[in-house]
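Take this note's numbering: the final residue in the sequence shown is number 1053, and no numbers are missing along the way.
The hints are simulated quantities; they were obtained by calculation from the structure and are not laboratory data.
Computed from a prediction, not measured in an experiment: that's the story for all the values here.
There's no promise every hint is true.
As the list claims (entries may be wrong) - Using C-beta positions, here's what the derived DEER-type ranges look like: (1) Asn-282 / Gly-108: 38 to 44 Å; (2) Leu-493 / Thr-179: 43 to 49 Å; (3) Gly-108 / Gln-136: 35 to 41 Å; (4) Ser-830 / Trp-1031: 27 to 33 Å; (5) Trp-1031 / Tyr-795: 30 to 36 Å; (6) Lys-289 / Asn-560: 45 to 51 Å; (7) Glu-457 / Asp-510: 30 to 36 Å; (8) Phe-487 / Ser-40: 57 to 63 Å; (9) Leu-613 / Tyr-407: 54 to 60 Å.
To be verified - Computed list of lysine-lysine pairs in DSS-like fashion (alpha-carbon distance at most 27 Å, straight line): (10) Lys-913 / Lys-767; (11) Lys-718 / Lys-656; (12) Lys-718 / Lys-529.
Cβ coordinates follow ideal geometry from the N, Cα and C atoms, glycine included.
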Amino acid sequence: MLYQLLIVILVITQGEILYLENFIDDSFVDSEGWAVKYASQSIGNCSITKLFGGYGVFGKNTIITNLINLPAHYAIKITFEFWKMDSWDNEYFYMYFDQNLIFSKQYGTSDTNQNLCGSQTAKIYHEEVSQISVSQNHNFKTLFILMTTNLQGIADEWWGIRHFRLYIYPCPSGCQSCTQEDSSIDCSIWVIQYQSLLTVDPSQFQMEGWMIFEGESSKSICSSIPMVGGLLISGKNSKIIKSINLPVHCQIKIQFRFIFIDRWDSAYAQLYVDNELIWNYNHSSVTNKLNLCGNNFGENILNEKIILPHKQQLLQLQFTTTLKNSLSQSAFGIRDIEIFIQCPYGFPLDLDCGGICGNGVIDKTEQCDDGNIFPFDGCFNCQYSCVEGCSNCIEGICFECQENYIYQDFQCAPISIDILINDLDEQQECVYGYKLINKQCQTVCGDGIIAGSEVCEIEEQECHNCQFICFKNCDFCIEGGCHQCIFGYSLNLKEQYCQPICGNGIVTDDEECDDQNQLNGDGCSSQCKIEQNYVCRNLQYSFTECSYEKQPSFKLSLINSYHQYQYVSIYFDQMVKKKSSNLFSTTIQMRLIGPSETSYSLHLIPIQEPFELVSAAEYQIEILINTTLEQPPILEVILGEQLFNYNDASLLNQHKQIQLNIPSYINDQLKQNALQLSSVAKYTIISMGGSAVIILILFGSLLVQEMLEILQQQSYLKFINVVFPLNLFIYFESSNLVSIQPVLDKIKFNNILTQFMNDQYLESQGKLLFYEVNANILSNITTQVFIIIIIIITYYSAYVIIIFIRRLNNQQFFQFGTHFAKFIMIILKSLQNFKRNFQREAFQDFLNTNSWDLLFMSLLQVSSQSPSIACYFLAYLIFYVNLFLSSKILFRTSFPIMRSQKQLWISKSNQIKLFKKALFISVLVMFQQNQKLQIMLLSLVCQFYLIYLFIMKPFKSITGYVNTMTLEISSFIFCFSSALYWNDFQYKLNYETQIQFAWFQIGILLLCLFINLISQLCMICLELKKIVVKWIQKSHPQQQNQIQMKGSPFTIP
C-alpha cells in the first residue's frame, strides 16, 4: 500500500515541461524541422494569420512529419491550433505518433463560422479553428509525428497548423528510462550503457558499426526517418548484426525501433541475442494504409522493449526476418537502439554483478572503496595503491618511502629542509650548489649551478625559476617535453599536448561537464559540453549531474508598422534574470541588413529591464528608415550577455533576425505637398464651419446637417484597415478638426464625468488600435452627454425667457420705445418657434447629427473584451434604437396614403440613410481583421445607397442633391480604390505608384469639401440678396417697380 502511494505521489508531482515550440508567432520563416510531402511550399496565410500550411498550401495528400529527439520521459502531450479552410465534405484530419493513430476528427461545412480566407466562389466557404490537445504514454528516445487528411478535393479544401507545443513528463531525478508507474527507486537501477542510431538528422546519421549480411550495408530514409536498412537494402534473408562490449552486469534491457516496410504476409520479425531467439513478432501489412516510403502497403513502426538475464561481457544482437518476397517488395529497418544494465542491491553474487566504484561499499570485484576516485590516498579505482611518496606498500599500507621523503607512522612526508652536511660544530656548511639561508641549506636559482630540484638555469631558453616551462596542463616535463599531465588530462604523445579525458567523471577547465560517460542525450555530450535544454551541476569530488530544464529563448515580433516607422518587440518566453551588474540594455546590439547605415536609425526603448531576480523583461525597437527599398529589410539583434531563468538555465539563443515590412517613404518635397493639401482641407473645414453658423441663422439646421454628414463620413474613411500612403495619411490629419474634444479638454469636462463613471481604457483592434481609439463607450459618449446638457440648458433658458416676457405688461414693452418693443416681440416669436421645433424635431435632429458617432461607439464596445455588463447593455441599447428607427422603412404606419411605391421609399429617406450608416459602421468595425472583405463590403454598401439615390432622388433641394451625390460618389470611389493597398499588393505595386494614386484620392475628397462650401456660399448670397431686396422694397416702395432682377445669377425663381 505504501509503495502504491509513493507511485501516486510521484505521478502527481512530476509536472509537464514545455520541450518544443513551433509556429508560435509570425516570425517563423521556414518549416522549423518539419518535413512536408506533396506540397510545393510550407508557409502560407489565412487572412493576416501566418500558418504552417494554409490556404493554397496544404491540401489533398499533403503529409507533414517530424522526428524529435527527447530526454528521458514517460509521457508526452501535444497542443496546437488546426485550421480547416473551405468546403470540407465530412472529411478527416489524422495525427499519428510512431505510426499509431492517436487523433482523428471529422470536419464539415462549418456554416456558423466566418469566412477568413477561403474561396469566394464556393457555395460553402467557412473556416474553422480547432484547439487540439493530445496526451500519450511514451518513453522512447525519439518521437515520430505525422499529420495528414483524407481530403478528396483540390481547389477548395485546405488546412494548416499553428501554435504547436510539445510537453514531456520527465522521469524522476536520476532515472535514464522510466514508465508512468515507476518510482525513482524502480527506474534508477537501470543504467544506460549503449546507445546507437538515435540521430534524427539524416545528413548526420551513420551506420555506427552495424553490418548487414545478405543485403547492402547501407542506411536509408523513410519519409523523414533515417535508419539502418530499408527498401532495397535489407529484406529476405538479411541480417543486421552488431557486437557490443558491456561492463559487469546481471540483467539487460534492450529498447529498439523496428520499421516494417511495404508488403509483409504474416512474416516474422526476429531478434537473436547471443545466437538465441529472444523476440519473434508476426506482422501482416494493411493495403492502402498510410504510405511513407514503400509501394502500395503502409509502413508500420514498432517500439519494442525486452528485459532478460545476461552476464556475458560481449553482447551480440542480430535482427532478421522470415520474409519470402524480394527486396523490392518487402523490407525492414532498425534505429533507436538502447541497452541498459541492471544490478540491484541484494542480487546473488554468483552472477558476477559488479558494484559501483566510489560508493563507499566494497563489492566482490573491489579491493577497497574509500568513497572517492582520487589517486595517491591508498585506494584508486577501488584497487589498493601506494600513497604519494611511497615505494613499497601492501594493501595500501606503506612500509618504505621514496628519496626526499621521511617515513613516519606508515606515511611518507616530503623533506622541506635540505640536509645539513656538517653540524659537528657551530659553523655549518652546505654542499656545492647550496647556500645557508636562515640556518637551512637551499639552492639559489640564478647562481649558474644546477643543484637540488633545479633542472636548468635562467640563462637557458624555456627556463623559468630554474625549471623548464611546461605547456598548459602538464604536470611534469623534462627539458620542455611533457612526461605527465595534471590530474584529469591525458598525454597525446603524437601532438605533445595534454588533452582532457572526457568521460572520467572529472571536470577540467576545458570541459563544461563530465558525467562519467561519452553518451549524447543525457545532458552532457560525448565532447563534455552541456547539451541544449539541460542544467548541469559539477559536484565537488564527484562527476557532473544533469537534469532537463527548458531553456529560455528570446524572440522578435513585429508589432506595428507606421510608414517610415516600424516597431519590433524583444521578449522572452520565460521570466529571466541577469547575473552581472551591467545595465543589460547597453549590451544589446542591433543593425539592419539591406539599407545602408546612414539611411536608418534604431532606438531601443526599455519596457522592463532584467534584474537579479526573475522578471518579464521586454524591450521595443523603434526603426526609422529614410529610403525606398525593393526588398524587405532584415533586423538583426544580438544579446551581448547571458540571461537565466529561475533554475539558472541560460538563454538558448543570443542572436535572432526578423524580416520587416518594406518602408513607406516619401521625400521631403512630397511630404510638404501633402502638408499643404492637409492645410487646405483644414481651412476649408473651418470656412464650412463659419458659413454653417450663418446658415443656421438664416435657414435652420438642414444645410448644417448636410455639412456635418460630409465631414463625419470622410473622417471615418481613415479607419479602413489598410496601410495608406504617407501623403494620404497626412491629409487625414485634417479630419481631427471634426471634434469638440478640444473644448471638452479645455473645460475639463471629462474629469467631471469620471467622478460618476469608470471610463477605463479598452483596446481596439486593427486600424482602430493604431489610432489608439478607446473602445469604452463611457469614454466615447462624453461628447454626446455634453451636447445633450447644452441643448437642455438652451431649451429651459428659452422657456424661462418666454415665461418672463409673457408676465410683463404691454405698457412695459413701450417704456424704452417702439423699436425695443418690436425687438422683444421678435425674440419672443423666435423662442416660441425654437420651443415648438425642439419638442417636435429635437430627438430626430440629434440622432441625425450624432448617428455616426453613436453607432461607432456602440459597435466598438460590443466588439471589445469589456468586463462591464452595464457598458454592453448601453451599447446594445444605442445600437438597437438606431436600428428600430431605421426599420420603419418596412411599414406604412403613421404616414398618409402614398400615391406610389416610389413616394413611400422617398418618404423613408432618413431611415434608409440611418440604415446605411449602421451597415457602413458595422463593416468598418467588425471586419478590422479581414481587410479584403471589409473594403468589398464597404464598397457594396456605398453602391447600393447610390443606386437608391439615383432611382428615387429623395432630395428637397438642388443643393442637397449636389452635396449628397458628391459625397456618396467620392466615398464609393475611395472605398473601391483602397483595394490597391491590400497587403497582397504591397510587393506587386511599387510605393511610388501608390503615392501617385493617393493624390487622386485626396483630390476626390477635397473636391467634395469644395462643392459643399461653394453651395453654402451660394445659399448665403441668395438669402442675403432676398433680405436686401425686401429691405429696399420696404424702405423705398416707389422704386420697387424699377428694380430689375433679370440676368442675375442669384435670381429667385
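Taking the hints in turn, this is what the structure says about them:
1. Asn-282 / Gly-108: 38 to 44 Å: 40 Å, holds
2. Leu-493 / Thr-179: 43 to 49 Å: 48 Å, holds
3. Gly-108 / Gln-136: 35 to 41 Å: Check failed, 27 Å falls outside 35 to 41 Å.
4. Ser-830 / Trp-1031: 27 to 33 Å: 19 Å, violated
5. Trp-1031 / Tyr-795: 30 to 36 Å: Distance hint for Trp-1031, Tyr-795 holds at roughly 32 Å.
6. Lys-289 / Asn-560: 45 to 51 Å: Holds: the Cβ-Cβ distance is about 49 Å, inside 45 to 51 Å.
7. Glu-457 / Asp-510: 30 to 36 Å: Roughly 33 Å apart at Cβ, these two residues keep to the hinted range, so it holds.
8. Phe-487 / Ser-40: 57 to 63 Å: Roughly 59 Å apart at Cβ, these two residues keep to the hinted range, so it holds.
9. Leu-613 / Tyr-407: 54 to 60 Å: Because 57 Å falls inside the window, the suggested range holds.
10. Lys-913 / Lys-767: Measuring from Cα to Cα gives roughly 25 Å; hence the hint holds.
11. Lys-718 / Lys-656: 35 Å, violated
12. Lys-718 / Lys-529: Cα-Cα ~57 Å, so violated.
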